[in-house]
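Q: Dock chain B against the given chain A, drawing on the hints supplied.
As given, the protein sequences belong to chains A and B, one line each in that order.
In terms of my numbering, the first sequence opens at residue 1 and continues consecutively.
In terms of my numbering, the second sequence opens at residue 256 and continues consecutively.
These aren't lab readings, by the way, just hints derived from the structure by calculation.
Glycine included, every Cβ here is placed at the ideal spot set by N, Cα and C.
Don't take every hint at face value.
Claimed, not checked - Facing chain B, from chain A, some residues (calculated, C-beta under 8 Å):
| hint | residue |
| --- | --- |
| 1 | 28 |
| 2 | 118 |
| 3 | 135 |
| 4 | 148 |
| 5 | 155 |
| 6 | 159 |
| 7 | 176 |
| 8 | 185 |
| 9 | 190 |
Chain by chain, the residues:
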Amino acid sequence: MNKSILSLLLIPSLSFALQPLSEEQKVLKASQEKENMKMLAEMGLPLPDSGIKIVPRAMMGLPQEIIDKGIRDEQSIKENGYISEDTVRPMELINFKAHALDEYKQYKNNNKVSSTHIRNNIKDLKLGFEFKGIPSHIDIETIGFVPQGSFDEESGGWSGVVQFFNKKDIGTCAYAIRSVKVSHTAAELAMEDVTYDINNKATLKKVHGNKDSGFVYKIEWFDTDNFHALECANKNYSVENAAQVITLAQQIDSN
Amino acid sequence: MKYVLGFTAGAVLCLASASHAGLDWTTVHSRANCGNNESITWWYLHPYNWKVVSFHQFKKQPAHMMDTGFSYTWRQHAIHWGEGVHGDFQVWGYHYLYEYSQKVPFDTTYANDCSIYDGW
Numbered sequence: 001m002n003k004s005i006l007s008l009l010l011i012p013s014l015s016f017a018l019q020p021l022s023e024e025q026k027v028l029k030a031s032q033e034k035e036n037m038k039m040l041a042e043m044g045l046p047l048p049d050s051g052i053k054i055v056p057r058a059m060m061g062l063p064q065e066i067i068d069k070g071i072r073d074e075q076s077i078k079e080n081g082y083i084s085e086d087t088v089r090p091m092e093l094i095n096f097k098a099h100a101l102d103e104y105k106q107y108k109n110n111n112k113v114s115s116t117h118i119r120n121n122i123k124d125l126k127l128g129f130e131f132k133g134i135p136s137h138i139d140i141e142t143i144g145f146v147p148q149g150s151f152d153e154e155s156g157g158w159s160g161v162v163q164f165f166n167k168k169d170i171g172t173c174a175y176a177i178r179s180v181k182v183s184h185t186a187a188e189l190a191m192e193d194v195t196y197d198i199n200n201k202a203t204l205k206k207v208h209g210n211k212d213s214g215f216v217y218k219i220e221w222f223d224t225d226n227f228h229a230l231e232c233a234n235k236n237y238s239v240e241n242a243a244q245v246i247t248l249a250q251q252i253d254s255n
Numbered sequence: 256m257k258y259v260l261g262f263t264a265g266a267v268l269c270l271a272s273a274s275h276a277g278l279d280w281t282t283v284h285s286r287a288n289c290g291n292n293e294s295i296t297w298w299y300l301h302p303y304n305w306k307v308v309s310f311h312q313f314k315k316q317p318a319h320m321m322d323t324g325f326s327y328t329w330r331q332h333a334i335h336w337g338e339g340v341h342g343d344f345q346v347w348g349y350h351y352l353y354e355y356s357q358k359v360p361f362d363t364t365y366a367n368d369c370s371i372y373d374g375w
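Just chain A, with the same shape it has in the complex (with noise of 0.2 Å):
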């Protein structure tokens, strides 16, 4: 029995490498997808790869809980332009940059591809699609790279990543984006929420936080290849800062 506990116990620390599926297993698990397919719509779930739906809010099925604290941010939005909360987003963001530096610290010998560490290079990081980054026409302080979403090695890497970087006059930013073709992605948005701010591409905006905690200035955007998404801090809220950003995302959309 011990040799059996020893054995489970070392599981993690064995090194198992991908094996590429045969053609049988291929079909397989492409047979076994649709069912998949089938069930989750039988869920009422929006399925993978199903595209861009606008909607109205009412047909979206959200949890009650969601729809109540949705309600509430849209009364604080009235009051104040912004969602009043105690957050720690804002001080997380305009401290990443010192964050980064101990991150590479403790990460500066591991170069595993599928590891979700920083890296100080995008060319360290093993992405499934092309990522043109922020244009190199805006002046920006760029702190790293961190992935998101999955690691695939059919795909030829992650299915996201997320540029972290310092603007002027804006405050420390996260670009994050996410490719349709290697997530799967899609989307329903409300229909009552959605603006065409971003080149045209149905847009999703919002500002939180306090005087206390700081704000972050948020827009995801939604296009055909991409699911994007900005998030820049500052200390103050204004409605200047809230449109410096969406010039930075459309400036960075246009890339």
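A: This is chain B only, laid out in the frame that chain A set:
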């Protein structure tokens, strides 16, 4: 006793693996035949409304489906503790995000082995 061992190994695997996924943004994964069979969504200390649906297939036949339901959490996990010790499983993970403005199948994952994320 076999199941106790499987559960223990699964718990150890989980603890061993729990510290390095999704350090600075959300990551998702599935693993099969790895002590546990599991599909997990994770961003350390950053909660969102996540749901994970995980399909497990054994010897090329559907075994069962796990649905976590929605909860506001930074680690949503559909785990069948100890199931993976039997081997020959395949696992599919469907990772869902719900917010007031959007319903998103965030990412999908598949595993037929214990391809542990490096650094876990």
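Q: Now look at each hint and say whether the structure bears it out.
A: Consistency of the hints with the structure:
1. 28: holds, 6 Å
2. 118: Since the shortest Cβ distance to chain B is 6 Å, the answer is holds.
3. 135: violated, 21 Å
4. 148: holds, 4 Å
5. 155: violated, 10 Å
6. 159: Given a least distance of 6 Å, the restraint on residue 159 of chain A holds.
7. 176: OK, holds: residue 176 of chain A within 8 Å of chain B, min 7 Å.
8. 185: With a minimum Cβ separation of about 6 Å from chain B (threshold 8 Å), the hint on residue 185 of chain A holds.
9. 190: Since the shortest Cβ distance to chain B is 5 Å, the answer is holds.
The structure does not agree with the numbered hints 3 and 5 stated previously, though it agrees with the rest.
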